[in-house]
Amino acid sequence: MPRAALTPGRRIGQGPRAFAAYVPAATVIAASLLSALPIVTTSGWYPNFGFLLFISWRLLRADPWPAWWAAPLGFINDLFTGFPVGFSIALWSATMLALDLIDRRTQWRDYWIEWVLAAVLIAIDQALQWRIARVVDAAPPFTQMVPPLVISICVFPAFAWFVSRIDAWRLGR
Amino acid sequence: MATARPGWSRRAQYGLFFSFLAVIAGIIVGLILLVLSLVAPQQFERVRGVALDVTGPVAGGLHEVTATVEGVFTGAGNYWDAASQNAELKRENNAMLQRMVEAKAIFQENQQLKATLQLREHERSTIAVGRVVGSSFNSPRRFAILSVGESDGVRVGMPVRSPEGLVGRIIDSGALASRVMLVSDRANIVPARLLRNGIPVIAQGRGDGTIDVRPLEVGRNPFKRGDIIVTSGTGGLYPPLVPIARVVKLVDDGAVALPLADPSKISFAIVEPPFEPAAIAAENVPSPAEAP
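Just so you know, the protein sequences line up as chains A and B, in that order. Using my numbering, you'd call the opening residue of the first sequence number 1 and step up by one each time. Using my numbering, you'd call the opening residue of the second sequence number 1001 and step up by one each time.
Looking at chain A on its own, in the form it has when it is part of the complex (with noise of 0.2 Å):
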């Protein structure tokens, strides 16, 4: 990018930092262990954080990480939400699927466009968490998850810009 090279302020030699290539990955699977997070509560309307960061990486970017990785990430976001294992590992590398299938057919890109794009994806997330309690008799009525839809959906710009001030400190601009 030869005009950031103008920009005031900008120390020569300054490049991306060691290790540029995992920071992606390393933050979605921080995202997963918020799961830790002593928070006890009898609602979950939490949004669900390893997911959200995951597509605000793939949507900023379209080569965060190898496309093979959505497996594993998922793995460890199941193993550390409680979710059934292989329900992350289908669904994110189905999203890195469909998204790049996305890619091909778009012409142009913006805010708004990624935020649909999200809230549908979010919607997709939700929609099939439910389905799988509804496999072991679990699933409250449906109602009860647009709650966690809606709030999932209002705080993924948050994600977005804290993404791509992630992805600017480890290019080291």
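Any given hint could be a false lead.
Stated by the list, open to error - Sample of chain B residues facing chain A (criterion: CB under 7 Å; computed from the structure):
#: 1; residue: Gly1015
#: 2; residue: Ser1019
#: 3; residue: Leu1031
#: 4; residue: Leu1034
#: 5; residue: Phe1073
Said to hold, decoys possible - If you want the footprint, here are the derived chain B segments under chain A, 3+ residues with CB under 8 Å:
#: 6; stretch: 1135-1142
#: 7; stretch: 1184-1193
#: 8; stretch: 1201-1209
#: 9; stretch: 1262-1274
Since the hints were derived computationally from the structure, they do not count as laboratory data. Heads up, the beta-carbon is just placed ideally off N, CA and C, and yes, glycines get one too.
Model the placement of chain B on the given structure of chain A, informed by the hints.
Just chain B now, kept in the frame of chain A:
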């Protein structure tokens, strides 16, 4: 899979194709694991236990910090208006003392009656005492993380209670921490009865922190607001007469109740052995003639 056309490079094209295959493989593996974990959850007991051991102590440590901070604030709050609080507590204390004497008399009478009936008293033993340090705050299921695990003797299937009431039962256990399915989880069905008149009811979680209670027999709605629901001991997992919930709202075929042991407020959770392990073992063996 960065771009649609990687150019003329054969290597780049193959790389794209193989990463595509890898993602498909990821989806398939995920689906297989998902089906496995739904059909045979015990397959993943070990690995889930290890994950619990990683997060459990972290959650426990963070819990101590938040508890201390909260304690400072509520502690400061207690000094506010201390004089009138003190007077009120004294009044309550006097009333309690009277009730306690009555209760002691009833207890002795009860002992005598039981002795004449020669009822075999179940010994309530405690396996472990832990704290609730986390919960499934981003899922439609209602789980909590307990700070005791297999090293304390906790095993999958044990009932968990607190001094206030029933909490749930263990579904995953690591060496240092375990996961509890709360009574407010949709999949947790507890045989119970009304404390007021002993009518048998079924308590099932609603997934939002409340509990659905329904009478076993169809007929008039037996519930009143404020009714206490206690376990009946049927099924052999939960010990009888543990308070579960208080009825807060009546609906057409039952009532909605609020658990007495709020996992976010209870200070300790007690893990107990299954009440009648023999009954549970017998239940797990499929029998042709099952009692209705």
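Results for each hint:
no., hint, result
1, Gly1015, "violated, 10 Å"
2, Ser1019, "holds, 5 Å"
3, Leu1031, "holds, 5 Å"
4, Leu1034, "holds, 3 Å"
5, Phe1073, "violated, 16 Å"
6, 1135-1142, "holds (count 8)"
7, 1184-1193, "holds (count 4)"
8, 1201-1209, "holds (count 4)"
9, 1262-1274, "holds (count 3)"
Going through the hint list in order, the structure does not satisfy hints 1, 5.
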